[in-house]
Amino acid sequence: MAPVALSGLHPSVGLEIHVRLLTPTKLFCRCANRVGAESNTLVCPVCMGLPGSLPVLSAAAVACAARVALAAGARVNRISAFDRKHYFYPDLPRNYQITQYAHPLATGGELEWGGVGFTLERMHLEEDAARLLAGPRAGTVAVDLNRAGTPLLEIVTEPACAPGAGVRTWLQGLRRLLRWLEVSDGNLEDGSLRCDANVGFMADRNRTHPWRGPWTELKNLNSPGMIGRAVDHEVERLTALAQEGSTPVHETRSWDEKAGRTRLLRYKEKTRDYRYLPEPDLPPVVLAPSQLEELAAALPELPAAREERFQGQYGISAEAAHTLCRDRVLADYFEDVAGRLAGLPNTEGATLAANWILTEVAGRWNLRPVRPEPFAVPPQKLADLLQLLAAGKLARPAAKQVFAAMLADPGTPPTVLAQRLGLDGVAGKAELETWCHQALAAAPGAAASWRQGKAAALDHLVGRVMALSGGRADPARAREVLQGLLQAEDSN
Amino acid sequence: MSWWRRMTMTQARGAGREPVAGTGAMAAAAVREGRTLNAFTWLDPAWMPPSVGQGPLAGFGCAVKANICGAGWPNDCASAVLSHYRSPYGSTAVARLQAAGGLCLGLANMDEFGMGSSCEYSTYGPVQNPWREGFTAGGSSGGSAAAVAAGLAWFALGSDTGGSVRLPAHCCGIVGLKPTYGRVSRYGLIAFASSLDVIGILARSVDDAALVLSVLAGPDPRDATSLDAAFAVPDPGLPVRGLTLGVPRDLTDGLAEPAVREDFERTLAVARDLGLKVVDAPLPAAADAVQTYLVLAAAEAASNLARYDGSLYGGTTEPGAGSVGGTAFEQQVTATRTAGLGPEVKRRILLGTHVLAAGYRQRFYDRAQAHRKVLTARMQEVLGVVDALILPTAAEGAFRLGSRLDDPVAMYRTDQFTVPASLAGLPALTLPTGLDARGLPLSVQLVGPRLGEDLLIRLGRALEEALDFRSRKEAPWHRLP
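The listed protein sequences correspond, in order, to chains A and B. At position 50 of the first sequence (counting the first as 1) the number is 49 in numbering that gives the first Met the number 0, and the numbers step up by one without a gap. At position 449 of the second sequence (counting the first as 1) the number is 448 in numbering that gives the first Met the number 0, and the numbers step up by one without a gap.
Next comes chain B alone, as it looks inside the complex (with noise of 0.2 Å):
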């Protein structure tokens, strides 16, 4: 077992290790790991960079999403329709991690434009769990999860619109941190559902995603969705006990799995013995929320995705293949978009065409919009009661790649309870709490309040320590050579 795989940032800085030695050794592990665990879309050549800048990541090597910006990197988002594209600009993360001293080491396989929950809606084939060949990696961030899981970095950018930091992070045993929304620039991610696309952190610790939080937050002069709201670390020293967790029952009664239950009220009675109270937090409107969250995805992804016409992007379809009439340029477009874009890409096109059309719109979008409102009320006046939430990130572990492609019903609900805190904006963080009968992570999920990952934070500290998950012998960071 390798330094490298093992240690977080913090304690590879506390035990004196050179960042930047362990970022060269992931860099060539990637290469040649990379094609079995197929957790990236492509390898920076130029990595290293020709000084490696000072800030508090300098010398950290990260994977980034594949639909986060770099100047000149193929962003793809793991589609045909943009196989040939090189951004020829760079996000605003990407830059702040790399003034922070930050070194990027590739792109991250995802599912097609973040539309899944398992990493097998890619152009480049499903990615591998790190924990057992043959199981998903968790979506859309599964390559950032897998990336980190195998100690290939030390951590990774992905993005959350329904869960897509939180569930891969739970499928691979590591900290997943979805901030509020406007936290983090969205500029240079590739849209998704803009309304819901937070970038996220895929960590080995929650200290570490705290780190990489306080470099990229802020506001943004380019986003005018994001907020005025730095964020810096929280002393280690700050307390927790006597905080209240609330316990959304009507989402966590329907468990089925008796390991998940089990894992959770341990997890639940380790929270206690930390001093923390932990009572209920009734949150019906919670119930239905998977519905509502596909329907306004839905249509923000068609608007979105419009833009795949052919004319710049997917242009080596040649006009008139596959049409059906119509000018030449609505053939070009059919074209493209029939070639370029993937089942589960034009399914939700369908849906959110379908759902803004008139006639369908106030019966679902309308609706959709009506219910997100009031389940956002509902979630804060909870938050103003308890501190924060606690739930499972998902109702099992990591299921087997090609068990859920023929129930794309069954895949939507893989996200009930990660999507309340998207539609609400509010931050929620994921960490790993024990394994479930097959040996796979489960994971809890705390949501904070608007801007309360500071006291996400200062939680996850506290149970992470005590919960000791990381020190697990079968996890991949300490079977791998």
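Chain A extracted, bound-state conformation (with noise of 0.2 Å):
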């Protein structure tokens, strides 16, 4: 093969996503889908694949795949069908992989986020294999087939110019939607997410075609920075082989986190024949345009429209509103705590809730990727908790206080609480001013330095004062208190 010209080239990844789904059942049996149950007991004759056994499809499966594919804005195939894809290989328990090859359920569609944009060319469904483990004799493998018949998505992109820094924002983006719809827990670190990158160039950024590579396939990648990494040295390694004029070639390469870079796993045979066999014991999939719109109606508010939303409905910052979507039980709690504060002037509730969410909520909850516990303090607790705050009847260091017993015991209304902490009711103003004094008194120097122009003389006082009050003086009016009483003795 004659070296490869670069220039005018433009790198370029293509990725091949499998997603595992969360459905109760495995694709084509009955037995239950989870993983860490004892090797070899969550089989049955299908998934075993014992002779005269025959695949189900499982509904479930389809349900999950239809609604990531809905929410890419991909075109759900009313027919879809599948086929049997022939290979010998120990994972393989008949040796064929049922999977959705000439008629995937779903094609094209689009994902973006953070400006980094793929264009999907499909997404299918097809049975996961078997898991392989050293054998007990040396040179030998055994076999768990608890994950043999589990359901996937395969996820595949058109190639696009992407750097491995948007490869990484792409990809966490896309395991923040799969936990959004509940379809999987999307993490790479335990194989719930697998991608492998297709590396090459590209003639024109803008189009696809002609494609020049792939030249490496990644794989075994572990994480979506991993990912990133891998990708950008191996742009520079193929860029930096054709510099030297000599031509890549097709390599399948592993990431080495260690020594940050790519290694070689083995090049890549001539195509295999797969000989893929239509599925004779399944009948096509048929998706009725009914149930696409009924599964289209019961997708949830998808999370990049949810956090737009929220910047022009509650008044909150971009970076707010994308922390808050983050996950979706916690746009869910923000959103609930807010219609409940929906009384108070303009925004000011949902900026109370989503700044008391972002700093006191997120980091207590455990957010498990798919359906965690709901938050100790329910929301309707916590508006109650941020009223009082509102009306001045609660200083903010105080209602922290409170909502730290609230997180013990989230039964009993946080003005109760306030009482039995004592901090029931903000200081008044003749209270606030004698702590003031005694606060200036006790620190001359601060008032000195205050004057000077050093502004964290202020910071200093104001928590004197706070101090002196046991957490009942309102930090902002102390502050405002103080601040006149300095400015009067300069008058002076």
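Just to be clear, a hint being listed does not mean it is correct.
Okay, derived cross-link-like pairs now, SDA-like style, lysine to any residue, Cα gap no bigger than 25 Å in a straight line [to be verified]:
(1) 372(B) / 100(A)
(2) 372(B) / 77(A)
(3) 84(A) / 359(B)
(4) 372(B) / 282(A)
(5) 84(A) / 370(B)
(6) 372(B) / 286(A)
Hints are computed from structural coordinates only; laboratory data are not their basis.
With the hints as a guide, bring the two chains together.
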């Protein structure tokens, strides 16, 4: 092969993603679809491929896959079908895999996050293979069929010009979408999301063809960050090779995180002939327009749209909206609390709720990827607390103390908890002024520093007032009073 | 002659006989005569359950082809590769038989994995024709047919992929029914060619076959290709006068053997006497059916049989034996399949692998698929004009064992009249009509529209009564003690 001129070519990457779907059963039998069970306990004649057994398609898996396709704006095909992909391997009990080849579930679609977009080529359902473990004797393998026949959604993208960081961002967005739709854990780390990256070059960055390559298929990438780094490294390596005048060859490579470089796994053999055969045991999958409409109607508001709405409707920052929409339950919780504070003027309630949730709730909530436990403090209770704060009946530090008590005792109303803690009622003006005078008297140096223009000195004084008040002072008002006293002294 | 060899289930019941007494006599005779006929691969010593259930088949014992699974049964499909296999689960068909009070005497001999037309490709050796030793009982459900013809089972289950129920019924002078594809669940039927495989019935009479079908038919959540179509035995009083039979002359004009031609024409005359109209039904697309069938069945067989790789089955072969390089797994696969699969199965796997391979697929597999579509459409079209097709089951009576083993093409052509209904997924009923010059049975085949089994049963009953084949004194059920 002649050396390839890379001038005018753009490095590009195409992704092949396998998503483990969270259905109650396997794709073609009634065995439980879960990880962590003892080897070969979640098996039956069907997923063992025993003679005479027949696959029966899980409707839940089709619904899961269709949800993702609809969310990605893909065209869900009215009729899709399964094929048998043949190759002899110990992890395939029948020595063929049941997959959708000629007629995939969905075609096209596009997903874009943070300015990085990938056009989708296709999405299809297929069964996972068994897990291979080291066998009892050297040179043997043991087969755990628990994973055999569990449902996978394969997503294949068109190649796109995206740097490693962009690929990482995009995969994080995809992971959020999968969790948002409650179809997958989306963990690259434990294999519930698997991503291979095909790295090559494109002649025109706006057109996917002609696509030169892929020259490298990157495998065994266990986190979005790793994928990003591997893609960057591979583009560099291929570019350097081409500049030296040598022709890159088709290779499968893995990523060595320690060394920060890719390593050769194997040279890609000539294309394997899988002798696809239409699966005679499964009738075509027919999705009527009415079914698709129902599935589309049942889709939750998607994360990107929701972020945008949060900014407009609640007047919160893009960053706050993004963080709140990292998890669907967190966004739901925010909206629930904000809704209960809708009586406050303007968007004060929403701002209060957003700030509180981002600083006090998000870090304390064990947000498992899918269907986490509800937060300890129910939305109404948090709204009650924030009402007290907004009405000036509790100062912020006092509210934090009450909140800590609520975490342990979410059943008791915040007013009762505040009373128990001796925090009920924000201090009056006279009391506050007394503490301020005391603070100034105890720290004459601070007043001097303030006069020299050191703003931090005021923070120090506010802290002293808070300590003197045992948390009952409102720090914002304390600051005002202190500032007034200092300025009055100045003008004297 | 014994009543349990001679009587149909309907007759036994009408005569007030105890079905289970007959079944007991059959079980004893099967042990005695089993070795001569070679009809069974396994007799269940526990065939008699602690109590006989109720239902339409209460007490009637049957033979089950060795590729139809029962829990704990040695369903080896007459293949060495499954020689130590015991199925841990049972088929829907067997479960339905047992729920209807039916008893299973044992597993019936067959061509390995259903591939063959003579029951000679079996690790157990060939099945003998109960009419005459040294002749084939037909294949691949030869053991099932021989057991029924010899009176060792009231009826039998077989499987029909390209004629494997009808051809043995033809060779053994009994009734064979291949239902519409999907009418009987395939769950637990060890696959040969999944888009063609159908569990069928070998019986002593048309009514017996209908009774068994009424027990087997209906949807099964374990088989996604099963149809929501139960079957009720049609009322015996229904007339057939005025119905039309179509003769596919494109196939029958080639009949070379005078006895077969004469028998067929005589059968058509009997049909006319019954008030049936007999017309020509052009079906040129059926001429190439055997080639199409071979390509498609082989492709699916190569896929279905890929699982016999030595990991779970046929694992007695030490990895490495007879292998030529490759990984340890590849060596194990090669060794297992080389030793465990018979010559005809290997031939079909090679053919099936070839017709799906890149570069050949369009010429073979895709063309065959296209032809299947055309043939199916043509047959449905014809069956919109006539009520059923009528043609011989085969171009001749049973052939001598060994006479076709060296000529696979001749063996494949044995199925030329049965494969069209298989490709189109249509129901077909074979019933005996007469004897050829050698005194071996001949038969006719009725092919009906999709789910038209009730019509086939009505037509079959009328012809059966008029032909009165069952009373022929040469038949094994009259000759055997």
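Right, here's what the structure says about each hint:
no. : hint            : verdict
1   : 372(B) / 100(A) : holds, 21 Å
2   : 372(B) / 77(A)  : holds, 22 Å
3   : 84(A) / 359(B)  : holds, 17 Å
4   : 372(B) / 282(A) : holds, 16 Å
5   : 84(A) / 370(B)  : holds, 24 Å
6   : 372(B) / 286(A) : holds, 24 Å
Consistency with the previously given hints is maintained throughout, with no hint failing.
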